[in-house]
Every structure is written in C-alpha cells, then in structure tokens.
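> One-letter residues, chain by chain:
Number of protein chains: 4
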Amino acid sequence: MSSNPIRTAVLGFGYWGPHMARNISQIPGFELCAIIDSSSIRRSVAEKLYPSASMFTSLEDALQNVELDAVVIATPAHTHFDLGMQAIKYGLHAIIEKPLTTSVTQARTMVKRAAQKSLVFMVDHTYVYSPAVSRMKEYVDTGYLGELIYFDSTRVNLGLFQPDISVLWDLAVHDLAILHHITGRHPSGVSASGGRHINAKHEAAAFLTLYFDDLFFAHINVSWLSPLKIRRTVLSGKQHTILFDDMIPDEKIRIYEVGVDQDENSLLHYRLGGVEIPKIVNSEALRNELEHFRDCIQSGLTPQTSAETSLGIIATLESAQQSMDDHGSMITVPTLDALLL
Amino acid sequence: MSSNPIRTAVLGFGYWGPHMARNISQIPGFELCAIIDSSSIRRSVAEKLYPSASMFTSLEDALQNVELDAVVIATPAHTHFDLGMQAIKYGLHAIIEKPLTTSVTQARTMVKRAAQKSLVFMVDHTYVYSPAVSRMKEYVDTGYLGELIYFDSTRVNLGLFQPDISVLWDLAVHDLAILHHITGRHPSGVSASGGRHINAKHEAAAFLTLYFDDLFFAHINVSWLSPLKIRRTVLSGKQHTILFDDMIPDEKIRIYEVGVDQDENSLLHYRLGGVEIPKIVNSEALRNELEHFRDCIQSGLTPQTSAETSLGIIATLESAQQSMDDHGSMITVPTLDALLL
Amino acid sequence: MSSNPIRTAVLGFGYWGPHMARNISQIPGFELCAIIDSSSIRRSVAEKLYPSASMFTSLEDALQNVELDAVVIATPAHTHFDLGMQAIKYGLHAIIEKPLTTSVTQARTMVKRAAQKSLVFMVDHTYVYSPAVSRMKEYVDTGYLGELIYFDSTRVNLGLFQPDISVLWDLAVHDLAILHHITGRHPSGVSASGGRHINAKHEAAAFLTLYFDDLFFAHINVSWLSPLKIRRTVLSGKQHTILFDDMIPDEKIRIYEVGVDQDENSLLHYRLGGVEIPKIVNSEALRNELEHFRDCIQSGLTPQTSAETSLGIIATLESAQQSMDDHGSMITVPTLDALLL
Amino acid sequence: MSSNPIRTAVLGFGYWGPHMARNISQIPGFELCAIIDSSSIRRSVAEKLYPSASMFTSLEDALQNVELDAVVIATPAHTHFDLGMQAIKYGLHAIIEKPLTTSVTQARTMVKRAAQKSLVFMVDHTYVYSPAVSRMKEYVDTGYLGELIYFDSTRVNLGLFQPDISVLWDLAVHDLAILHHITGRHPSGVSASGGRHINAKHEAAAFLTLYFDDLFFAHINVSWLSPLKIRRTVLSGKQHTILFDDMIPDEKIRIYEVGVDQDENSLLHYRLGGVEIPKIVNSEALRNELEHFRDCIQSGLTPQTSAETSLGIIATLESAQQSMDDHGSMITVPTLDALLL
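Listed in order, the protein sequences are those of chains A, B, C and D.
Counting along the first sequence from 1, when you hit position 60 you're at 60 in the numbering used here, and nothing is skipped either side.
Counting along the second sequence from 1, when you hit position 279 you're at 279 in the numbering used here, and nothing is skipped either side.
Counting along the third sequence from 1, when you hit position 278 you're at 278 in the numbering used here, and nothing is skipped either side.
Counting along the fourth sequence from 1, when you hit position 243 you're at 243 in the numbering used here, and nothing is skipped either side.
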C-alpha cells in the first residue's frame with residue numbers, strides 16, 4: 001500500500017455525507033482533509049465531529065486551501081454533473097452518489113471526459129458491496145443457480161418524497177445496479193408504468209419490466225407509498241432460486257432448490273426441495289465500497305461500479321421514464337457500445 | 001326459505017368440483033342430485049362420497065334422467081362457453097368457475113343470453129366471499145380509508161403450469177375480482193408485461209398496471225414461478241392503508257394509520273401511526289358464495305359476482321393479454337356499457 | 001397383508017373420535033364396524049357420515065352385536081382405565097388417546113394385564129408419527145446433532161380449559177412423548193411449577209425442568225393462557241441444533257450449525273454457521289399412526305408408542321404434578337424397570 | 001437546569017462503557033471529564049474518541065487530577081462493590097451497570113451507606129427506560145390490562161458465556177427489572193432450575209418461576225445456548241394481554257383483546273378479539289436513562305431504578321441461585337423491608 005494517504009474531501013454533509021465522512025476518517029489509506037457544504041449549520045456539525053478536517057463552502061474554495069487527491073460527491077442528484085465535471089477538471093478521483101446524473105447526455109459526457117484523464121470515476125451503488133449481494137453473485141458465477149430465468153425485486157416503504165425526481169431514480173436505481181452486477185447484463189428494452197400521490201408531481205410508485213435478448217426477464221416494483229417495508233429480490237435459475245430479503249438481519253439470503261419436471265402428459269410441474277440459509281459474515285457495505293475505491297486509486301484498476309457501468313443504468317432509467325410517460329410502451333435501451341461511440 | 005330444495009348438478013369433478021359438491025351437499029336449500037364427469041375414475045370417487053346423487057357423463061344425459069334447477073360448472077375454462085350456453089338453453093341457474101370464458105366475445109354472448117332468460121348467472125370469484133375481503137370492502141364503504149390512492153397485489157407461488165392459458169387468466173383474475181368488488185371500479189386502460197418459463201408456451205409471470213379515470217392506480221404481480229408463496233394485497237387511501245395477507249392465518253388484515261404531511265418547505269412526508277388487526281370470524285368463502293347463489297335463486301336478486309360484472313374482468317384480462325403481446329403498450333379497456341350495447 | 005380386515009370400533013365421537021373414524025374408514029386393512037358414544041346427537045352425526053358402521057351406546061353393547069378385533073378409545077382421560085381394562089378383558093387390540101391414564105397405578109395395572117394377553121396396546125401420541133418428529137429422530141440417530149445438550153419446548157396458546165386436569169396432562173404429555181421418542185431417554189427427576197387462572201381449579205400454565213443422569217437437561221413450558229400460539233421445540237447437540245416450529249407450514253424444521261469454541265483465555269464462545277431447512281414430505285400424522293397400529297396387529301410387533309413406553313410418561317407427569325404441588329421441589333421419577341417390577 | 005455541568009467519569013471502557021461515554025458526551029448537562037480503564041489499549045481507543053477527556057488507570061488517580069461529581073461504573077460485576085463503595089466514600093453520584101452486586105450482603109451495605117450520604121445511587125437497568133417498557137407500564141397503570149394474571153419472559157440467544165456468573169445474573173436480571181418496574185411487585189418466593197453446557201462451570205440456561213402473595217405468577221426462561229434469538233415478554237391481565245417482542249423493530253408491542261367466558265356448563269373459554277399495535281416513538285433507552293440520572297442529581301429525586309429497588313432484584317437472584325442449587329425447591333425471597341432493617 002502506498003505510504004501517502006489519499007487526501008479526500010467530502011462534498012455534501014446532508015443525509016449520506018456523514019456516513020461517507022465517517023468511513024473516510026476510519027479507513028486506513030484515506031485522510032479526511034475537507035468537508036464542503038453550503039450550509040453553515042451542517043458545517044458546524046461536521047466540524048465538531050472532525051476537528052482535524054477543514055470546512056469549506058465550495059470545491060473551488062477547498063482546492064485553494066488544501067491539497068486533494070479525491071472527492072466524495074454526496075449532494076443532490078441534479079448537482080452531480082457540474083460537480084463531477086469540476087472534479088475531473090481538477091484531476092480528482094471521484095465517487096459520486098447514485099444516480100450518477102439525471103440524464104444520459106450528462107452521464108456520457110462525464111464518462112468520456114473522465115476516461116481521457118485516467119481518473120478513478122466510481123458511482124456509489126452501495127448495495128453492490130454488501131456481503132449479501134456479493135454472495136448472490138458467487139452463486140450465479142459458479143453456475144449454482146443454473147440458466148437464469150427471472151429477477152423480481154420489490155423495494156417499497158414509506159419513503160421521503162423526493163421533490164425533484166420520481167421514485168424510479170431514487171429506488172429502482174438500486175435494483176438495476178444489483179441486477180447488472182450479479183448477472184452482468186443490461187436490458188434491451190423496458191416497459192414501465194407508475195402512479196403519483198395526489199399531492200405530488202412525480203411518480204411515487206413505479207413498475208418496470210425489463211426485456212433481454214433471450215427469455216430472461218426482470219420486474220422491479222418500487223414505491224414510497226407502502227406502510228409495509230419490503231426489500232426483497234428473487235433471482236431464479238433452472239437449478240436454484242435465491243431470495244434476498246434485506247429485512248431479515250441474520251438470514252438475508254435463502255437458496256431454494258427448485259426444479260421443473262415434465263410429467264407423462266408433457267405438463268410442467270415445479271418441484272420444491274430444501275432451503276439453505278448460508279452464514280454471511282456481516283460487514284458494512286459502504287466501508288467495503290470505499291476500500292474498493294481506495295484500492296482502485298492505488299492500483300489503477302477499474303471499479304466494479306464504474307461510471308461507465310453506471311451509464312448503462314442511467315440509460316435504463318431514462319428509457320423507463322419515457323415508457324412511463326407513454327403508459328408502458330416498450331422503449332429500446334441503447335447498448336453501452338452505442339452510448340460510448 | 002322456499003320449501004323445495006334447489007336441485008343441483010355439479011359439472012366437473014376434478015380439482016374444484018369436489019369442493020363444490022361438498023358444499024352443495026351440506027348447505028340447506030340445495031339438493032345435490034347429479035355429478036357429471038367424463039372420467040369413470042372420477043365418477044366412481046364421487047359416487048362413493050355421494051351415494052344419493054346420480055352420476056352422468058354429460059349435462060344432456062343428466063337432464064334426461066333427473067330434474068334440475070341449477071348447475072355448478074367446474075370444468076376447464078375453454079369449456080365454459082358451451083356448457084354455460086347449454087345451461088341457459090335448458091333454463092338452469094348456473095355458477096361458473098372463473099374465468100367465465102376465455103374471450104370477451106363469448107362472455108358477451110353468454111351474458112346477454114342469460115339476461116333474456118331471467119336466470120341467476122353467477123361467476124365463482126371465491127375471494128369476494130371471504131371474510132377478509134368483505135371486511136376490506138366495509139373499510140372502503142364506510143370511508144375509513146379515505147380517498148383511494150392505489151392498489152398493489154402480489155399473488156405468486158410455485159404453481160401448476162396451466163397448459164392452455166397464461167398465469168393472467170389463472171391468477172390475476174382473482175385480483176381483478178377483489179379490486180372490482182372492493183372499489184366498484186373497472187380500469188380504463190391496462191399496460192401488461194410478462195415472462196415465460198423456458199419450456200412453456202404461455203406467460204408464467206405477469207405484471208399489470210391498471211389506469212383509471214383519475215389518479216388512482218393499480219398493480220398486479222402474478223406468477224407460477226416463485227418458491228416463496230405470497231398472497232398480499234395493499235389498498236391505500238388518504239387516511240388509512242389496508243394490508244391483506246392471506247398467508248397469516250389469524251391476522252389476515254392489518255390497517256395502518258398513515259397520513260401525508262406537508263412541511264414548511266412544501267415537501268411531502270409520510271407519517272405512520274399505529275396498526276390495528278381486527279378480529280375476523282372465520283368462515284369458508286365457498287360456502288358463503290354458494291349460500292349467496294341459493295339466496296339469489298330464491299329471491300331473484302342479482303349476485304355480487306354476476307356474469308355481467310365478470311364480463312368487465314374478462315375484458316380487462318383480454319386487454320392485458322393484448323398489451324402483454326405488445327410488450328406493455330397501454331390498451332384501452334372497453335366500458336361495461338359499451339360491452340353490453 | 002392379511003386378507004381379513006381388522007374389525008374396529010371407535011369409542012367416543014367427541015373432538016378426536018371423528019378424526020380417528022375418518023382414518024379408520026379410509027386406511028386399507030381396517031373395517032370401521034362400530035361407533036360407540038353415549039350421546040344420541042353425536043351418534044346421529046356419526047351415522048350420517050358412516051352409514052355402514054353400527055352405532056352403540058357402550059362397548060359391551062357393541063360386542064354383543066358385532067365381531068370386533070380392535071378398539072380406538074377416544075373418550076375423556078378419566079375413563080381410559082375402565083375402558084382399556086374392558087378392551088383387554090375382551091381380547092381387543094387397543095389404541096388409547098393420550099394421556100393413557102390419570103395415574104401411574106392405573107397405567108401399571110393396564111400395561112401388565114395387556115402384556116399377559118399379547119395384545120397390541122398402543123397410546124395415541126400423535127406427534128411421534130408426524131413427518132417432522134420422525135425427521136428429528138433421524139438427525140439424532142445418525143449422530144448429526146452430536147452429543148445432546150438440551151431440549152426446550154414451548155407449547156402455548158389460548159386453549160380450552162380442561163375441567164378435570166391441569167395443562168400438564170393435556171399439553172406437556174406431547175412434549176414428553178416427543179422427547180422420549182427422539183432421545184430414547186426418561187428423566188430421572190423433575191421440578192415443576194405452574195399457575196392457575198383466577199377462575200380455575202387446575203394449573204393453566206406449567207413449567208417443567210427435567211433432570212437426567214448426565215448434564216443433558218430439558219425444559220417444557222405449556223399454557224392455555226397465551227394469545228400467541230407457539231409450538232416450538234429446540235433440541236441442541238454439540239454439532240447442530242434443531243428447531244421444530246410446528247406453526248410454519250412448509251418449514252417446520254431448521255437445522256442450525258452451531259459450535260462452541262474456546263478462545264485463548266479459555267472463554268467459551270458460540271459460533272453460528274448456516275441453516276438448513278430440509279424438505280419434508282407432508283403426511284397426516286394420525287394416518288401414519290393408525291397404519292402403524294394396523295402393522296403391529298398384523299405382525300405382532302411392539303408399537304413405537306406402546307403403553308409400556310407411555311407408562312414412563314405418566315410417571316413423569318405424576319412426579320411433575322407432585323413437584324408442582326410442592327412449588328418446585330425435585331421429585332425423583334421412577335425408572336421403567338422399577339415401575340414394571 | 002443548573003448552569004454547572006455534572007463532571008462525570010466513565011469507569012470501564014470495555015463492552016458497555018463506550019456506549020455510556022458516548023451518551024455522557026452528548027447529553028446536555030454532563031461533562032465527560034475522565035475515562036478510567038486499566039487497559040492501555042482501551043484507554044488509547046477512548047482517547048481518540050474523546051480527546052477532551054482525561055484518561056486514568058484508577059478512580060483514585062482520576063480524583064487526584066480532576067474534579068468529579070459523578071461516576072458511571074461499567075466494569076465487571078465482581079468489582080461493583082469495591083468501586084461503588086469508593087464512589088460513596090468520595091461523595092460521587094453513581095450509576096452502576098447491572099447487576100448491582102453479586103450478593104445481597106454487598107448490595108445492602110452499599111444501599112445503606114449511600115442513603116447516609118444523600119447521593120443519587122442508581123442501577124443501569126436499561127430496559128426500564130426503553131420506550132416499549134414505558135408504554136407497557138402505562139397500560140398497566142391505567143388499568144387497561146385489568147387484574148394481572150401472569151408474566152412470561154423468554155430471553156435466549158447464543159450468548160457470550162460469562163466466566164464468573166451464571167446466565168441468571170447476566171440475563172434474568174433484565175426480566176426481573178422489567179417485571180418490577182411494570183408491576184411494582186417483588187416476588188415472595190422463587191423456584192429455579194437450569195442447566196450447564198458440557199464445558200462450563202455455571203448455568204448457561206435457567207428457568208425461574210416466581211410466586212407472589214396472590215394468584216399472579218411469573219416465569220422467566222433465559223439462555224446463552226439458543227441459536228434462535230428470542231426477546232419476548234408476555235404480560236397478561238383479565239382484560240388485555242401485552243406481548244413485547246424486542247426483535248420486531250417497528251412493532252415491539254402488541255395488545256391482544258382477550259377475555260375469559262364461562263359457558264352454560266361452567267367451563268372456561270378464552271375469547272380472542274382484535275390486536276392493536278401502537279406507534280411507539282423510538283428513542284435510545286440508555287440516553288433516556290442517563291437523562292433521568294442527570295435529572296435526579298439536579299433535583300434530588302429518587303431514580304426509578306434506585307439501588308434500593310435493585311436490592312430487591314439481587315435478593316431474588318440470590319434466592320433463585322439457591323433454588324437452582326437445590327434443583328428447584330422454592331426459596332422465600334426476603335422483603336425489601338426486611339432487607340433494609
């Protein structure tokens with residue numbers, strides 16, 4: 001490991017920034033040099049917690065006063081593009097809270113620009129770094145599930161209504177990141193629909209069906225309107241089916257032995273065997289993620305949740321929003337290759 | 001109550017017929033006169049259980065030998081039209097297993113013909129007669145929920161693949177019947193999508209979004225592919241939200257006190273209060289339903305799940321299937337008035 | 001299988017008798033010849049269901065009219081002794097509802113008398129014949145659990161207050177039967193305590209601790225007073241621990257991989273690994289039990305829940321009742337050998 | 001509120017001390033002046049977190065260097081007596097982790113000595129300050145439960161084996177504190193039994209039955225040996241029964257409407273009505289507790305979990321241990337009056 005710590009600023013100290021700052025301050029290899037927030041109340045909270053870091057109101061301000069190698073961008077989604085472009089301009093490695101941007105155009109510009117500078121440009125898809133999702137990926141990669149049949153995810157609770165985006169950009173982004181990470185696939189098309197709360201402008205519930213080049217299909221149900229909190233993802237293969245239930249503390253993953261039998265009349269029957277609940281050693285996903293960010297900076301490797309990968313997610317979200325606006329018509333999702341031409 | 005029992009035949013003694021026959025034989029006011037099935041094995045099973053009923057291979061055969069007032073049609077969906085039309089021709093009251101037919105055209109023909117004969121023509125939407133769904137309807141009717149916001153239902157398990165229909169016609173029909181019964185509304189449009197199992201012809205998972213004339217919206221997720229069995233319906237209003245979970249024996253219904261508050265910045269926040277779990281006295285839905293069938297025959301009243309009402313459900317299913325074939329494009333659902341022109 | 005069916009009478013047609021009669025009527029090898037009950041209402045119910053069986057008011061009456069090989073005794077506990085002795089006198093094989101008797105003295109007399117006659121004399125400890133308990137026994141017998149450490153069972157709900165016995169004799173009898181069946185061990189001593197409802201004469205909640213000749217120990221908590229229904233048994237060994245939860249339909253058994261590690265300071269730490277939920281094929285325990293009864297009659301083998309084995313359970317219950325009357329003092333449970341001297 | 005903060009030392013920085021220190025440092029009215037621990041590793045951890053506090057190896061050392069008003073004692077149980085007596089000697093208000101001491105003799109001495117000095121002498125029975133337990137107490141105090149019938153608590157999981165005490169002193173102490181706080185009653189007698197793990201000296205599972213002057217009774221089941229984590233307390237009254245399940249995050253308390261009916265034959269039947277799940281606003285029990293400690297110091301009031309109250313709990317534990325050593329014989333628990341003679 002390099003002897004020089006990565007001098008890091010945390011940009012935004014609202015909901016997620018403090019979690020970022022705590023981890024940056026604790027993980028060996030980082031030095032939390034600066035916290036940047038336009039609110040004096042939030043800066044004074046931050047200052048008490050991290051007396052050794054300097055407080056600033058803008059990234060430019062910070063750069064005039066401290067040397068920085070990396071920045072953690074934890075501000076509202078609509079600011080990501082400008083701040084990310086600044087980070088690139090100043091040659092800073094960056095990790096940006098999801099969603100990367102609020103449009104494909106912005107995301108493409110940023111991804112291409114970052115690539116020219118050889119910077120680590122990573123998106124904070126935290127779930128991808130959780131022990132449970134890592135374990136799911138292992139079961140897929142080793143072939144234990146068999147050929148994949150479908151993915152179905154429900155992520156609903158009484159959520160904070162985001163004033164400027166629909167629930168799609170707030171919650172479905174998680175499921176798309178998990179889906180891509182585990183299966184390595186981007187959808188070729190999407191049909192989406194949703195509904196608004198009486199008093200709100202944007203959809204507070206959204207339903208996505210994703211199409212792929214073969215029979216595999218995916219469905220995502222996200223909502224800010226459910227009094228019951230559900231965080232449940234099913235990934236089904238020909239040999240086994242995984243259930244990931246994030247609400248059951250010590251038993252997040254269940255693997256069902258499920259097969260299809262054909263009877264003498266060519267009818268299909270499902271057969272259900274036993275269930276395994278593997279022991280998963282707990283670790284904080286965000287810490288794993290930031291350690292990965294550090295490792296990528298130090299080694300020059302591409303992060304698992306690179307901005308490029310995240311561009312595919314943004315493209316899916318944008319297509320889904322179009323479909324939703326058109327009451328469900330299938331919209332083709334551009335391929336990553338097409339996006340990066 | 002009339003002194004003459006309703007002389008009744010049960011047509012079809014496969015999966016559902018035996019439940020029908022048991023109830024018909026037990027409910028005062030009915031006389032189980034005949035059981036009709038083409039299979040000699042099934043007839044001999046039936047004969048042992050109901051020695052006082054006569055066994056036949058066809059409805060016509062039965063009518064030549066016993067006097068009948070009513071028939072219970074519990075045969076595969078594709079036979080409903082012909083058998084229903086026969087019942088009408090012979091002047092029999094009928095209750096037909098869901099789905100009423102497999103097309104709108106057939107359903108319209110049957111509904112109009114039955115109306116000319118003043119027969120009780122009822123569809124077996126069993127859930128509508130369950131104590132839990134009745135209770136849900138009460139909460140809506142009394143205004144306890146407030147203005148309705150959304151309906152979201154999940155009905156998934158490892159199901160028997162039906163060889164001749166998609167899961168839509170097998171399972172979503174339940175949710176549509178519940179939705180219509182509770183809210184009294186038919187959707188104006190539907191966007192549907194789904195997926196097939198690798199070895200099957202028809203969709204084994206289907207996702208419907210239903211649109212209405214206002215902001216109310218509904219989503220239905222049905223599947224034969226889930227190792228986890230879920231039977232869960234949420235109906236949300238501005239004042240309270242009901243969760244109906246059919247898998248929790250003594251606590252099928254929960255009522256959440258949920259409200260929306262607007263803060264000083266005009267942001268919306270959900271507020272969650274307590275939960276009530278009302279005591280619901282258990283009774284068999286099918287028995288309630290058949291007692292209602294009897295009462296309608298005796299009184300001349302229109303049943304809650306009349307064939308006419310069910311025509312609206314068939315129209316929604318047919319539109320959903322079209323939307324599914326077109327990968328989610330919204331299809332307009334014809335109104336009942338238009339259907340009955 | 002012998003060509004002559006076992007001519008069987010069911011004695012008592014209250015709560016449990018009808019379940020017995022249904023199985024006797026359905027299991028090949030039995031012939032349901034007679035149903036005996038002092039209540040004319042109950043006899044008329046029985047007669048409708050089983051028109052081919054004869055109805056009687058007493059066993060003696062029945063014997064004067066029909067030939068019998070076996071009798072199922074499903075009457076209140078305090079009548080078991082007299083009826084069981086009659087059955088022996090008349091040379092009938094018998095299966096008697098639990099508890100075998102309400103005192104050790106009676107049970108001894110009956111066991112000894114039956115032994116002289118070479119009759120199958122079996123006690124209806126239904127749980128022992130459930131697929132889940134059979135599976136638990138397999139895990140013990142194969143050594144998968146390792147050396148046994150403890151057994152802890154909770155069996156509580158809002159129960160019908162039995163007017164003439166405490167909850168000990170009604171519910172703890174199940175846990176004692178399971179414990180003995182699975183481990184093959186009888187306790188050497190018992191400490192018991194309990195509590196009464198304000199309006200009742202007998203204990204409605206009881207707590208038993210069972211001592212054995214080594215460090216293995218058992219605890220049983222039974223109650224008629226709990227609004228929450230719990231049917232949960234833990235059996236812990238040095239290698240694995242089984243949880244049997246009878247309230248979770250398709251997942252009654254869980255096997256936890258649990259071990260004890262000693263750290264560098266000789267401190268003990270538990271280590272928890274994964275969990276397995278085996279697929280258990282459903283079958284009705286009572287049917288399994290009555291098939292076993294039939295097989296024992298036909299083959300002359302000793303039943304798994306012989307009256308002799310059940311004598312050990314009666315002895316434990318009697319000692320527990322004594323301990324309860326003495327507020328928990330440990331009472332020595334006589335060994336089976338001593339009881340059968 | 002007094003303008004001078006309460007100058008406080010935290011004694012012991014192992015498992016529980018850090019939670020204490022965090023709260024002391026955050027609650028207005030306290031000043032975290034000193035952290036005392038014999039381990040240099042733990043002191044250096046503490047120093048980083050609380051740079052403004054001074055680090056010491058002993059209470060005496062601390063007192064020679066800083067002015068103190070109060071001390072939080074979070075060291076192993078066997079040290080409580082000596083450290084508590086020191087605190088009294090130096091005139092410090094104290095809050096001591098449970099159990100107060102490991103014997104009645106020590107507890108009496110300490111309680112009497114503290115009383116002479118008019119110091120706030122409080123025991124850290126954290127559960128008593130949890131919102132759920134406070135709510136339970138309200139339901140009792142307002143009479144909503146009706147006359148109390150029984151208390152049954154299960155507190156089991158895979159626990160750290162304490163090398164010097166049995167599970168009784170580690171876990172049952174919580175249930176006794178909750179029981180006393182909610183009902184205001186001390187038991188008059190106790191019957192206890194338990195079991196050891198094969199490799200351990202002390203009981204790792206313990207079962208207590210508590211007797212009172214009337215028909216009310218209580219049972220407590222505690223264990224370090226259960227792979228299933230249960231934290232469940234039932235308190236039953238003639239009108240309603242409360243279930244407190246600490247493992248269900250947003251629904252810790254359920255109130256069952258349960259009544260007893262007597263039928264025409266004088267038989268007792270339970271009747272189960274609906275269930276309420278009240279909204280309970282979350283707050284950290286430890287913070288509530290330490291604010292109460294502060295308020296008592298400032299106002300001179302007696303804390304809810306005074307050392308005197310806790311003496312009753314120690315007396316129950318000591319009697320229970322005696323009973324356990326005698327395999328369950330009931331041991332009379334001395335009254336508080338007798339203890340304080």
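Rather than coming from a laboratory, the hints here were simulated on the basis of the structure.
Keep in mind that a hint or two might mislead.
[What the hints assert, rightly or not] Heads up, simulated DSS-like pairs for lysine-lysine below, C-alpha to C-alpha not over 27 Å straight-line: (1) K137/A x K238/A; (2) K238/B x K229/A; (3) K229/C x K229/D.
[What the hints assert, rightly or not] Simulated restraints, written as ranges between beta carbons of each label pair: (4) L267/A x G259/B: 47 to 53 Å; (5) P163/C x S283/B: 27 to 33 Å; (6) G259/B x D337/D: 48 to 54 Å.
Even glycine gets a Cβ: it sits at the ideal position worked out from N, Cα and C.
> The structure should be examined with respect to each hint, and the outcome stated for every one.
Quick rundown of the hints versus the structure:
Only pairs whose Cα atoms come within 27 Å are accepted, and K137/A paired with K238/A is accepted, the gap being roughly 16 Å. Simply put, K238/B and K229/A have alpha-carbon atoms about 18 Å apart, close enough for the 27 Å limit, and the pair holds. Restraint check for K229/C and K229/D: the C-alpha separation of about 18 Å stays at or below 27 Å, so the hint holds. For L267/A and G259/B, the Cβ-Cβ distance of about 49 Å falls inside the hinted range of 47 to 53 Å, so the restraint holds.
About 29 Å separates the C-beta atoms of P163/C and S283/B, a value consistent with the hinted range of 27 to 33 Å. Evaluation of the 48 to 54 Å hint for G259/B and D337/D yields a pass: the beta carbon distance comes to about 51 Å.
In summary, this structure violates none of the numbered hints.
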